[in-house]
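Participant: Once you've looked at the hints, dock chain D against the given chain F.
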Amino acid sequence: EAGVTQFPSHSVIEKGQTVTLRCDPISGHDNLYWYRRVMGKEIKFLLHFVKESKQDESGMPNNRFLAERTGGTYSTLKVQPAELEDSGVYFCASSQDLGVAVNEQFFGPGTRLTVL
Amino acid sequence: SQELEQSPQSLIVQEGKNLTINCTSSKTLYGLYWYKQKYGEGLIFLMMLQKGGEEKSHEKITAKLDEKKQQSSLHITASQPSHAGIYLCGATAGGFGNEKLTFGTGTRLTIIP
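Chains as they are written, first to last, in my numbering: chain F, 4 to 119; chain D, 6 to 118.
If you are wondering where the hints come from, they were derived from the structure by calculation, not from laboratory data.
Every value quoted in this text rests on a predicted model; they were computed, and no experiment measured them.
Be a bit skeptical, because a hint or two may be false.
[Claimed, not checked] With a Cα cut of at most 20 angstroms, we get these calculated DMTMM-like pairs of lysine to aspartate or glutamate:
no., chain 1, residue 1, chain 2, residue 2
1, D, K69, F, E107
2, F, K47, F, E17
3, F, K57, F, D33
4, F, K47, D, E8
5, D, K32, F, E45
6, D, K56, F, E45
7, F, K44, D, E46
8, F, K47, D, E46
9, F, K81, F, D59
10, D, K41, D, E20
11, D, K61, F, E107
12, D, K41, F, E107
13, F, K57, F, E45
14, D, K41, F, E45
15, D, K43, D, E20
16, F, K47, D, E10
17, D, K41, D, E64
18, F, K57, F, D27
19, F, K47, F, E86
20, D, K43, F, E45
21, F, K44, D, E10
22, F, K44, D, E20
23, D, K43, F, E107
Here chain F stands alone, though its shape is the one from the complex (with noise of 0.2 angstroms):
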């Protein structure tokens, strides 16, 4: 079974451009995560789908960031227009709703993104 998968694994670009990072979940996981690390600070929370609906987006920074999981499979995360600060490790973690209260999350390998 394919795990958590992320495209692509780095990306480097200029301030004020616009970086699209795309997820692709475990299939038939209902749930998916995306998650960021910026240097030197502890994984944060950026939100929450279930299916194509957005659960939680209470950890998304600004109005640069828009996440998107279009028929509830893959989902992107646009950066635009990506800034300085916006560097550091992107990941995305799935998981299946499997009807209990905490469920296993599986995460890919990340994206690294260097804003230059």
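Facilitator: Frame of chain F, contents of chain D only:
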């Protein structure tokens, strides 16, 4: 918001030695996760604890959650080079609809042959 503190931040251990990593929460934990990360890879799930006093083991790694559900420890017995990496504790604040994870800053483990 819930905060998790991990200690130590880094650990250098000789191969074969035992070690312990701690994770302390400012609030009562609902679910406590331990993950391991190697450079360029995603977070690898190790264990999840939910009940006060719970203890789980997998191979040479044992995780415990205290009775008050505010502190967890991860113990590695007879460490091996394959144990090297960054260990992260993560916690959920509640159940259904509140499953986002809060993470500690991580513990970097180095194993010396």
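Participant: Now tell me, hint by hint, if it's right for this structure.
Facilitator: Taking the hints in turn, this is what the structure says about them:
1. Among the hinted pairs, K69(D) with E107(F) is consistent with the structure: their alpha-carbon atoms are about 17 angstroms apart, no more than 20 angstroms.
2. For the hint linking K47(F) to E17(F), the alpha-carbon distance of about 23 angstroms lies beyond 20 angstroms, and the restraint is violated.
3. Restraint check: the Cα-Cα separation between K57(F) and D33(F) comes to about 11 angstroms, which is no more than 20 angstroms; the hinted pair holds.
4. For the given pair, K47(F) sits about 11 angstroms from E8(D) by alpha-carbon distance, which is consistent with the 20 angstroms threshold.
5. The suggested pairing of K32(D) with E45(F) holds, with an alpha-carbon distance near 17 angstroms, which does not exceed 20 angstroms.
6. For the suggested pair K56(D) and E45(F), the alpha carbons sit about 25 angstroms apart, so the restraint of at most 20 angstroms is broken.
7. For the hint linking K44(F) to E46(D), the alpha-carbon distance of about 18 angstroms falls within 20 angstroms, and the restraint holds.
8. Distance restraint check for K47(F) and E46(D): the Cα-Cα separation of roughly 17 angstroms lies within the 20 angstroms cut-off, and the hinted pair is therefore satisfied.
9. A threshold of 20 angstroms between alpha carbons decides the hint, and for K81(F) with D59(F) the separation of about 17 angstroms falls inside it, so the pair holds.
10. Straight-line distance between C-alpha atoms of K41(D) and E20(D) comes to about 18 angstroms, which keeps the hinted pair within the 20 angstroms bound.
11. About 15 angstroms separates the Cα atoms of K61(D) and E107(F), which keeps this hinted pair within 20 angstroms; it holds.
12. For the given pair, K41(D) sits about 14 angstroms from E107(F) by alpha-carbon distance, which is consistent with the 20 angstroms threshold.
13. Our distance criterion of 20 angstroms between C-alpha atoms is broken by K57(F) and E45(F), whose separation comes to about 23 angstroms.
14. Simply put, K41(D) and E45(F) have alpha-carbon atoms about 14 angstroms apart, close enough for the 20 angstroms limit, and the pair holds.
15. In summary, the hint linking K43(D) to E20(D) is supported, as the alpha carbons are separated by about 18 angstroms, within the 20 angstroms threshold.
16. Taking the CA atoms of K47(F) and E10(D), the gap is about 14 angstroms. The hint holds against a cut of 20 angstroms.
17. Note on K41(D) and E64(D): the hinted pairing holds, with a Cα-Cα distance of about 14 angstroms set against a maximum of 20 angstroms.
18. With a C-alpha separation of about 16 angstroms, the suggested pair K57(F) and D27(F) falls inside the 20 angstroms cut-off, and the hint holds.
19. Simply put, K47(F) and E86(F) have alpha-carbon atoms about 18 angstroms apart, close enough for the 20 angstroms limit, and the pair holds.
20. The suggested pairing of K43(D) with E45(F) holds, with an alpha-carbon distance near 15 angstroms, which does not exceed 20 angstroms.
21. Straight-line distance between C-alpha atoms of K44(F) and E10(D) comes to about 12 angstroms, which keeps the hinted pair within the 20 angstroms bound.
22. In summary, the hint linking K44(F) to E20(D) is not supported, as the alpha carbons are separated by about 29 angstroms, beyond the 20 angstroms threshold.
23. A threshold of 20 angstroms between alpha carbons decides the hint, and for K43(D) with E107(F) the separation of about 19 angstroms falls inside it, so the pair holds.
This entry does not satisfy hints 2, 6, 13 and 22, going by the numbered hints stated previously.
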